[in-house]
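Protein chains in written order, with the numbering used here: chain A, 2 to 208; chain B, 2 to 208; chain C, 2 to 208; chain D, 2 to 208.
Among the hints, erroneous ones may be present.
[To be verified] For the chain B half of the interface with chain A, some residues (derived, Cβ under 10 Å), not all of them:
| no. | residue |
| --- | --- |
| 1 | G27 |
| 2 | M36 |
| 3 | P43 |
| 4 | T46 |
| 5 | M48 |
| 6 | F58 |
| 7 | L194 |
[Claimed, not checked] Footprint (simulated), chain D over chain A, 3 or more residues, beta carbon under 8 Å:
| no. | region |
| --- | --- |
| 8 | 41–49 |
| 9 | 101–113 |
| 10 | 158–166 |
Quick caveat, the hints were computed from the structure, so don't treat them as lab data. Computed from a predicted model, the values in this text were never measured in an experiment. Note that CB positions come from ideal geometry on N, CA and C, so glycine has one too.
There are 4 protein chains.
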Amino acid sequence: MAVNTRRYTRATAFVTKGRLEAFSDGVIAILITIMVLELHVPRGTDMAALGPLLPLFLTYALSFVYLGIYWNNHHHMFHVVDSINGKIMWANLHLLFWLSLTPFVTGWMGENHFAPLPTAAYGAVMLLAAIAYTILQATIIRHQGPHSRLGAAVGGDVKGKLSAVLYAAAIPLAFVDEWISDALYVTVALIWLVPDPRIEARIAAER
Amino acid sequence: MAVNTRRYTRATAFVTKGRLEAFSDGVIAILITIMVLELHVPRGTDMAALGPLLPLFLTYALSFVYLGIYWNNHHHMFHVVDSINGKIMWANLHLLFWLSLTPFVTGWMGENHFAPLPTAAYGAVMLLAAIAYTILQATIIRHQGPHSRLGAAVGGDVKGKLSAVLYAAAIPLAFVDEWISDALYVTVALIWLVPDPRIEARIAAER
Amino acid sequence: MAVNTRRYTRATAFVTKGRLEAFSDGVIAILITIMVLELHVPRGTDMAALGPLLPLFLTYALSFVYLGIYWNNHHHMFHVVDSINGKIMWANLHLLFWLSLTPFVTGWMGENHFAPLPTAAYGAVMLLAAIAYTILQATIIRHQGPHSRLGAAVGGDVKGKLSAVLYAAAIPLAFVDEWISDALYVTVALIWLVPDPRIEARIAAER
Amino acid sequence: MAVNTRRYTRATAFVTKGRLEAFSDGVIAILITIMVLELHVPRGTDMAALGPLLPLFLTYALSFVYLGIYWNNHHHMFHVVDSINGKIMWANLHLLFWLSLTPFVTGWMGENHFAPLPTAAYGAVMLLAAIAYTILQATIIRHQGPHSRLGAAVGGDVKGKLSAVLYAAAIPLAFVDEWISDALYVTVALIWLVPDPRIEARIAAER
Numbered sequence: 002m003a004v005n006t007r008r009y010t011r012a013t014a015f016v017t018k019g020r021l022e023a024f025s026d027g028v029i030a031i032l033i034t035i036m037v038l039e040l041h042v043p044r045g046t047d048m049a050a051l052g053p054l055l056p057l058f059l060t061y062a063l064s065f066v067y068l069g070i071y072w073n074n075h076h077h078m079f080h081v082v083d084s085i086n087g088k089i090m091w092a093n094l095h096l097l098f099w100l101s102l103t104p105f106v107t108g109w110m111g112e113n114h115f116a117p118l119p120t121a122a123y124g125a126v127m128l129l130a131a132i133a134y135t136i137l138q139a140t141i142i143r144h145q146g147p148h149s150r151l152g153a154a155v156g157g158d159v160k161g162k163l164s165a166v167l168y169a170a171a172i173p174l175a176f177v178d179e180w181i182s183d184a185l186y187v188t189v190a191l192i193w194l195v196p197d198p199r200i201e202a203r204i205a206a207e208r
Numbered sequence: 002m003a004v005n006t007r008r009y010t011r012a013t014a015f016v017t018k019g020r021l022e023a024f025s026d027g028v029i030a031i032l033i034t035i036m037v038l039e040l041h042v043p044r045g046t047d048m049a050a051l052g053p054l055l056p057l058f059l060t061y062a063l064s065f066v067y068l069g070i071y072w073n074n075h076h077h078m079f080h081v082v083d084s085i086n087g088k089i090m091w092a093n094l095h096l097l098f099w100l101s102l103t104p105f106v107t108g109w110m111g112e113n114h115f116a117p118l119p120t121a122a123y124g125a126v127m128l129l130a131a132i133a134y135t136i137l138q139a140t141i142i143r144h145q146g147p148h149s150r151l152g153a154a155v156g157g158d159v160k161g162k163l164s165a166v167l168y169a170a171a172i173p174l175a176f177v178d179e180w181i182s183d184a185l186y187v188t189v190a191l192i193w194l195v196p197d198p199r200i201e202a203r204i205a206a207e208r
Numbered sequence: 002m003a004v005n006t007r008r009y010t011r012a013t014a015f016v017t018k019g020r021l022e023a024f025s026d027g028v029i030a031i032l033i034t035i036m037v038l039e040l041h042v043p044r045g046t047d048m049a050a051l052g053p054l055l056p057l058f059l060t061y062a063l064s065f066v067y068l069g070i071y072w073n074n075h076h077h078m079f080h081v082v083d084s085i086n087g088k089i090m091w092a093n094l095h096l097l098f099w100l101s102l103t104p105f106v107t108g109w110m111g112e113n114h115f116a117p118l119p120t121a122a123y124g125a126v127m128l129l130a131a132i133a134y135t136i137l138q139a140t141i142i143r144h145q146g147p148h149s150r151l152g153a154a155v156g157g158d159v160k161g162k163l164s165a166v167l168y169a170a171a172i173p174l175a176f177v178d179e180w181i182s183d184a185l186y187v188t189v190a191l192i193w194l195v196p197d198p199r200i201e202a203r204i205a206a207e208r
Numbered sequence: 002m003a004v005n006t007r008r009y010t011r012a013t014a015f016v017t018k019g020r021l022e023a024f025s026d027g028v029i030a031i032l033i034t035i036m037v038l039e040l041h042v043p044r045g046t047d048m049a050a051l052g053p054l055l056p057l058f059l060t061y062a063l064s065f066v067y068l069g070i071y072w073n074n075h076h077h078m079f080h081v082v083d084s085i086n087g088k089i090m091w092a093n094l095h096l097l098f099w100l101s102l103t104p105f106v107t108g109w110m111g112e113n114h115f116a117p118l119p120t121a122a123y124g125a126v127m128l129l130a131a132i133a134y135t136i137l138q139a140t141i142i143r144h145q146g147p148h149s150r151l152g153a154a155v156g157g158d159v160k161g162k163l164s165a166v167l168y169a170a171a172i173p174l175a176f177v178d179e180w181i182s183d184a185l186y187v188t189v190a191l192i193w194l195v196p197d198p199r200i201e202a203r204i205a206a207e208r
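Same shape as in the complex, but just chain A:
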């Protein structure tokens, strides 16, 4: 009986993590997909009708890559998570909240051809999402201890800190020249496109 209960709680603890992952995947999958609804079908059928959609298409592609990066990193992070608690759940929902505003700022920036305020708003949402991700990471490490696999894998988190600095810089710079901010957003995307080698190396080492 005691053995059965222990096996049961272990199994459900595993399911619990799985349900959080599945929920997050669901929200990110929906976000990445409903963004395309902002690409309104144009009235005309000639090339001139597609022209105004170009900035929106580029913003859509950028946001798609960002959400893909978050999904990828989320995936990698929870790969080395064994169990979760209520605080981790809420830190995760907090991250999803800021990510859920991506379609809104994508549409606003894209439809207005990278005007200053929408460009700054895009950076603000991205900064808040990055901060939320850092909080989630810290919450998990606090739950598992600094010597846990995630704690060891993350270390100084240079990429995370650098991204936050670049977003913070892009917000005021959008009012100087919006292309500086756009260049910074693309730079952050490029920094993250490669999955975190620290965690990958750790997983490979364990095998």
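Fit chains B, C and D to the given chain A structure using the hints.
Then chains B, C and D, alone, in the frame of chain A:
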């Protein structure tokens, strides 16, 4: 053969619960995400264009938290559920029905700057969702017996009853002063933000 | 080695069925949720603004119940399915195609206060979905043999045939009096609200 | 301890593949469903109101079948995949990106009654999705080696190459006569409707 069949039915009973959880997670994930479609991209690109969106943004944040609480509590409740039946399935769909009206009342209340009737409608949908949750809980306990883990964990359900009372009060009070109702909605959210310690304690005790 | 491979293919066959179930659940969960987007947020904030929404709300509730029934029955049917093949996959996608038109006919019937043609169109989509469900069921039984658990559980399928007859009758009757058709739609929903006792009894017997 | 860790990493590697599949299923399920939102509910309630919807309905059905084919082939391909890496993840997201534009080109082509440019755009998105699928397939085979189960099952990939050629031909031909392109799109769909017998045969052989 007999052993194999028994193992199979056990496995599928587990999958059955998993499929109900996955379906509920899917619906809640979609609801929490399509709500953002009510935040229509503004025409202008200055601060004045964002102003009218503020009440909608606040309502969106409140509804996001509410749906997060439902997901969290749903998660906790099914953590201690072993098997389900047809009645539990329909009680669960009944809960999802009222939750599915959240984007509608969120948009109506937010776009109309917390006017009395939309504010009362918001409370009515929340009250009906709270009642549906209570029915679902009671249906599960009836299926498992009052001495089941969920029955013992829920007990008097003070928080559930208090929330229903506050929602019921908020509906008429919206016609006196809508800010009283809004304050009540925020109060209910704060009451629930912490995951149910009764169930958490039970899970910890079993480990 | 041989044992490992056999174990692997068995595990993936199980996953394969799981992936079809998860995909179907995903589509049904999205359909049941995006239908609420047809409930457009009204401009006004008084009772008069809600009036025109009443038929749409009732249609939404009816379609919600229908999709819930399909999810429930789909769930029950695949409960007794052991493996799937390509034909079952396409029969399943065929069912999802007709179900995916539910939000469209729901919006058309609801916005036009149950006018004859939209009411008939609603019945036509429901009839085609019912036929698709019967085809899916027959495809699974052909794959598993008539003496399989599903074959034995389904039997003469009186409820399935009765539903198709009622839908087929409701289509022309919508041009006589649309309320006859609406009454038939509600009748079919009531027939199915109880999960199939034949399959439930079989599952209980096996335990 | 060493045994436990090995078992754990194997289990998570399996989950990792499962999470990629679940995410892809989620995105495809959402795409296949939100496409129906392009079928705007008509104002009128007579047959004349449905007329303009016919080309949109046919395009919707075609895109539904295409996405069904992608889901089906994706399913079959990952059936014989044992583990994934970062490159496979990004190759998969790249495929999902082009698929995510399906609702946009479906709406544009359908609403404009198969006008030349929208018809060519539909083919361009389909060609890019087909190329992305080929890249994903090649990335998996490179990861697993040419003698892997997928490498042996895919072989020369005649159907994949033929589809790309037909899409590439359909793009310029849309400006000659759009019906040629439409006929080519239907042809590609018919080629793929049957699930890949090479992989099915291999799975059957292993059993």
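Index of numbered hints that the structure contradicts, given in increasing order:
Failing hints, ascending: 9, 10.
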